[in-house]
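Colleague: Assemble the complex: chain F is given as a structure, and chain S must be docked to it using the hints.
Number of protein chains: 2
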Amino acid sequence: MTAPPLAHLINELTKLPGLGGKSAARLAYHLLKRPTADVEALASAILDVKSKIFRCSICNNMTDVEPCVICSDTRRDPTVICVVEEAFNIPTIETTRDFRGVFHVLLGALSPLKGVGPQDIDVAGLVRRVQAGQIREVIVATNPNVEGEATALYIAQQLRPLEVRTTRLGFGLPVGGDLEYADQVTMSKALESRREI
Amino acid sequence: MTAPPLAHLINELTKLPGLGGKSAARLAYHLLKRPTADVEALASAILDVKSKIFRCSICNNMTDVEPCVICSDTRRDPTVICVVEEAFNIPTIETTRDFRGVFHVLLGALSPLKGVGPQDIDVAGLVRRVQAGQIREVIVATNPNVEGEATALYIAQQLRPLEVRTTRLGFGLPVGGDLEYADQVTMSKALESRREI
Numbered sequence: 038m039t040a041p042p043l044a045h046l047i048n049e050l051t052k053l054p055g056l057g058g059k060s061a062a063r064l065a066y067h068l069l070k071r072p073t074a075d076v077e078a079l080a081s082a083i084l085d086v087k088s089k090i091f092r093c094s095i096c097n098n099m100t101d102v103e104p105c106v107i108c109s110d111t112r113r114d115p116t117v118i119c120v121v122e123e124a125f126n127i128p129t130i131e132t133t134r135d136f137r138g139v140f141h142v143l144l145g146a147l148s149p150l151k152g153v154g155p156q157d158i159d160v161a162g163l164v165r166r167v168q169a170g171q172i173r174e175v176i177v178a179t180n181p182n183v184e185g186e187a188t189a190l191y192i193a194q195q196l197r198p199l200e201v202r203t204t205r206l207g208f209g210l211p212v213g214g215d216l217e218y219a220d221q222v223t224m225s226k227a228l229e230s231r232r233e234i
Numbered sequence: 038m039t040a041p042p043l044a045h046l047i048n049e050l051t052k053l054p055g056l057g058g059k060s061a062a063r064l065a066y067h068l069l070k071r072p073t074a075d076v077e078a079l080a081s082a083i084l085d086v087k088s089k090i091f092r093c094s095i096c097n098n099m100t101d102v103e104p105c106v107i108c109s110d111t112r113r114d115p116t117v118i119c120v121v122e123e124a125f126n127i128p129t130i131e132t133t134r135d136f137r138g139v140f141h142v143l144l145g146a147l148s149p150l151k152g153v154g155p156q157d158i159d160v161a162g163l164v165r166r167v168q169a170g171q172i173r174e175v176i177v178a179t180n181p182n183v184e185g186e187a188t189a190l191y192i193a194q195q196l197r198p199l200e201v202r203t204t205r206l207g208f209g210l211p212v213g214g215d216l217e218y219a220d221q222v223t224m225s226k227a228l229e230s231r232r233e234i
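Protein chains in written order, with our numbering: chain F, 38 to 234; chain S, 38 to 234.
Incorrect hints may appear among the rest.
The list cannot tell twin chains apart, which means a pair is met if one copy fits it or any two copies do.
Computed cross-link-like contacts, DSSO-like style, restricted to lysine-lysine with a CA-CA straight-line distance of at most 27 Å [unchecked claim]:
1) Lys89 / Lys151
2) Lys87 / Lys151
3) Lys226 / Lys70
4) Lys52 / Lys151
5) Lys59 / Lys89
6) Lys70 / Lys151
7) Lys89 / Lys70
8) Lys70 / Lys59
9) Lys70 / Lys52
10) Lys226 / Lys52
Everything labelled a hint here was simulated from the structure, so no lab data went into it.
This is chain F alone, in the form it adopts within the complex (with noise of 0.2 Å):
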């Protein structure tokens, strides 16, 4: 009963992550109500995005300059390097402020189950950037899931024979949540670090 030009797009857009068809249904008949001028930006900027982006080629961030902005920023320091499944998580360090130094992205994360092994994600990319030298700490912030654990110890692993310091963030409670939330594991982890004061 859906005309086959509004069908079509909702089928587009329940390929996205995170939108299923009542989601998708309501952004297509959004846009139908939007000037023909927005409507026209989005899909511009859709395409732009594809053809102006690309992986720096230093540490697989998403950029549209070779290097990236963070790799070619002296303010950083480039002896420091941070470790991430995605280059969507960097923003969300990026955030904190607290954070100064290079990332490193690895396109991925260690999962049998999804028959991701070592050869598909960048730790030798990672690795080759420790032995050029002048790196003081791999700090690696993998999700706190599974997968994310299995890919930090395989990292852990494969930078032990070049004696660099390897961190991984901290595990705890989250900040402004009640205690009762918190499942049995992320519990056992705050107990597990747990401080002075």
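Modeller: Positioned in the frame of chain F, the structure of chain S alone reads:
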């Protein structure tokens, strides 16, 4: 730190309903990882929908043919009109397969707070359709909220002189929910509309 074309796309995406900064960023990074052909398909579906879809001259439904497939379907009963606020409410009712009449899209709901008055929604079109004759029933399926209720009452008022049967969707407990999660107003409505078993 985010490359400008990427930041621009994220900004365009946050203008869409239900997309906050984080979901917009997630979508943008997802598009970067997809093959160019897929991304172009999405962009062209967005442009297509805007150029090919318009409102049905009879019922205001979104359509690519005039009149829309529902209005022109001879197997449907044109003497029963279901009134909805927006075109995207039609699929929700159609999925039940219980309604075989036609629709009328109001293009909004009365809302003094948002400055939406009777002249801003298409009640006049509904009145004309009823005046043209042969309408047995008007089912008012506006949203179960303050604006939807006000709109339903206004429609009932406007249709009273025409002596057409005017009904409103039933209120009560949503099926599949737990009683303890029902809010006070829904619970009152459920009590009010109780039936013999």
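Colleague: Next, verify each hint and record whether it holds.
Modeller: Against the structure, the hints:
1. Lys89 / Lys151: Neither, since 30 Å and 40 Å both go past 27 Å.
2. Lys87 / Lys151: Within. Shortest intra-copy distance 26 Å satisfies the 27 Å Cα cut-off; inter-copy 38 Å does not.
3. Lys226 / Lys70: neither (49 Å within a copy, 34 Å between copies)
4. Lys52 / Lys151: within (19 Å within a copy, 34 Å between copies)
5. Lys59 / Lys89: So lysine 59 and lysine 89 pass the 27 Å test across copies only (22 Å; inside, 32 Å).
6. Lys70 / Lys151: between (40 Å within a copy, 17 Å between copies)
7. Lys89 / Lys70: Classified as between: cross-chain Cα gap 13 Å, same-chain 29 Å, threshold 27 Å.
8. Lys70 / Lys59: both (17 Å within a copy, 24 Å between copies)
9. Lys70 / Lys52: Both. Shortest intra-copy (22 Å) and inter-copy (13 Å) distances satisfy the 27 Å Cα cut-off.
10. Lys226 / Lys52: Neither: 36 Å inside a chain and 39 Å across chains, both beyond 27 Å.
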